[in-house]
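Asks: Please model the entire structure based on the sequences and the hints provided.
Residue numbers (my numbering), protein chains in the order written: chain A, 636 to 819; chain B, 636 to 819; chain C, 636 to 819; chain D, 636 to 819.
None of these hints come from the bench; they were simulated from the model.
Incorrect hints may have been included.
When chains are identical, the list treats them as one kind, so a pair holds in a single copy or across two.
Unchecked claim - Below, computed lysine-lysine pairings styled on BS3-like, alpha-carbon distance capped at 27 Å:
no., residue 1, residue 2
1, Lys659, Lys718
2, Lys718, Lys801
3, Lys763, Lys664
4, Lys761, Lys676
5, Lys763, Lys647
6, Lys773, Lys801
Only a predicted model underlies this, so the values are computations on that prediction, with no experimental measurement involved.
Here is how the chains run, residue by residue.
Protein chains: 4
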Amino acid sequence: MSNPGEYALNSKAVAQATAEWLAKRGVTKREIAELTLFLQKDYYPDLTLRECEENVDAVLSKREVQNAVLTGIQLDLLAEEGKLMAPLQEMIHNDEGLYGCDEILALSIVNVYGSIGLTNFGYVDKLKPGILVRLNDKHDGEIHTFLDDIVGAIAAAAASRIAHRKQAEREEARGERGEDVQLP
Amino acid sequence: MSNPGEYALNSKAVAQATAEWLAKRGVTKREIAELTLFLQKDYYPDLTLRECEENVDAVLSKREVQNAVLTGIQLDLLAEEGKLMAPLQEMIHNDEGLYGCDEILALSIVNVYGSIGLTNFGYVDKLKPGILVRLNDKHDGEIHTFLDDIVGAIAAAAASRIAHRKQAEREEARGERGEDVQLP
Amino acid sequence: MSNPGEYALNSKAVAQATAEWLAKRGVTKREIAELTLFLQKDYYPDLTLRECEENVDAVLSKREVQNAVLTGIQLDLLAEEGKLMAPLQEMIHNDEGLYGCDEILALSIVNVYGSIGLTNFGYVDKLKPGILVRLNDKHDGEIHTFLDDIVGAIAAAAASRIAHRKQAEREEARGERGEDVQLP
Amino acid sequence: MSNPGEYALNSKAVAQATAEWLAKRGVTKREIAELTLFLQKDYYPDLTLRECEENVDAVLSKREVQNAVLTGIQLDLLAEEGKLMAPLQEMIHNDEGLYGCDEILALSIVNVYGSIGLTNFGYVDKLKPGILVRLNDKHDGEIHTFLDDIVGAIAAAAASRIAHRKQAEREEARGERGEDVQLP
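Replies: Right, dumping it as structure tokens:
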């Protein structure tokens, strides 16, 4: 625990840095939302890109997600600049198959809306649709070993959030939503 | 995906069953909140049991948490009645040290408010303060192999939620909270 | 901790029950190995079904995996017999989209060979190739809500194990493997 | 997937770097083993420090563990040198309570021997016995935000490995161990 006199975290600064760094690394909200739409359009034919964008925003507003995004982009950047310690530099630079810390950070993003997002994360991470093709391209000098998993994870978490919301909407339409049930 | 004509999940029924089964198994909101207070009182001396109870309610309102609670209590009950398949019956009945599915379900509860709750979960699960002594008692004929981990996990998740809330309150007090930052 | 006089777990009994229950539920080692081959054949063109079977055996020899298999099959069976408590019965019977305890148990299997298996798990769980089509069929009266995720997870873990082994073989071929490096 | 002509990972180099960096950061095998002994001595009164050291070695021989150790130490080092991007620098430098990526990496170590290690990890991470007091000291200019969780996780994983081994020894002593049971 830090002394509040010395250190006062500002959540807004963390959120802002997350948005800025995603933009600097060439990731737009629209592109993440397109992955989410790709994942959910068969289940919800009326789902719009706009709704997906709102759900991506909600995912990105979580501190746990912001922490993972910043940490992953930081490691990608350092690998790009060749500044990591010897074997880590090679592993991250080459997106080494036996290096799994990128998947671990991504999992912490997926988990924010529960385990139902696991399957969607694995699916886009393997198929690499949309923006993930570009992030995964190994020939442009840019390193996105962490970021491609992170973007897939944000899209998968947004898909989970949509699943929860759509259920709530259906129940409201049936007039079943009441006040919260509380433990005695 | 199920046919909506055949199956229409009612979230309220799931929430209600969770509250009822926790009560039937002898767990009160107050007792879980006492674990949370035990975990957080050194960091937030002004924290009240009432606040802890509100945070326990918030944790229990999550579907991911309700699913884990119901699944765990179900397995405990079946073990109590001797109705599980052979080696599973012995493992759950004896809270076998090499059986870790109870910790896995508990982890899915802790993760709802992020990885910062992991440490608190492990701590109460090992120390067994308050209600956890009783749940862990092996001599009353009741089996709580899953429930003791689940209760510790709910308390730890509530502690994580409090950490997030207290940070937000500090920032509001400093006038630092503005509108949400969004990805362009 | 149980009293050794009262309870003496026999690991062989757990392994045996796992093999028997998988067989009873219509899952063969060959079918899981086919999923693994499907996942890895593009990376290792010489990989044989026989090698995949050996790696599936290695995954199944782990207690953590056996525990998850038995727990998942038990819940499937009880749902088939209609013996679960009210909302859990409906959720597992209908493979409810917001119920994620099946993915959680599966994740504990995947993790046995590290996070690199996450992507492969999600991929087969979504694509449902081979045996997973049959397990996922909702019209034969059988419930495999847990088992289909578990089978995909075993196949993904076997794929991870193969990735580790192949790397070791390449290094041996280059004469680079020496004794283990130990911390001073 | 990298082109094997350009990149050939050498596992020994990864293992060696892990051992060297732990030593450079002041962590000895003996100190990690002492944490493991602290966790397990009540359950196995005859357990020796030597046995704990062997189990720590086994944990450290896993690539998943080595990856997490190197990644965590790298981030600690960069924070010490003040070279991280703005909000990440402050968060890691101050071991910020809402930053959980250190716990996430640690969890990937604990999981190597299954979920039964979760409780032990949380317990030492909170109690901070032995070497963890020193690593957690915020006044010596060194940053060990990741390393203190990593060391606790290695100790907890070694404790899990011991639990599995001791069970195998008991069964052998009873003459119950036979050949492996295989899926038909």
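Asks: Check each numbered hint from earlier against the structure, then list the numbers of those it violates in ascending order.
Replies: 2, 5
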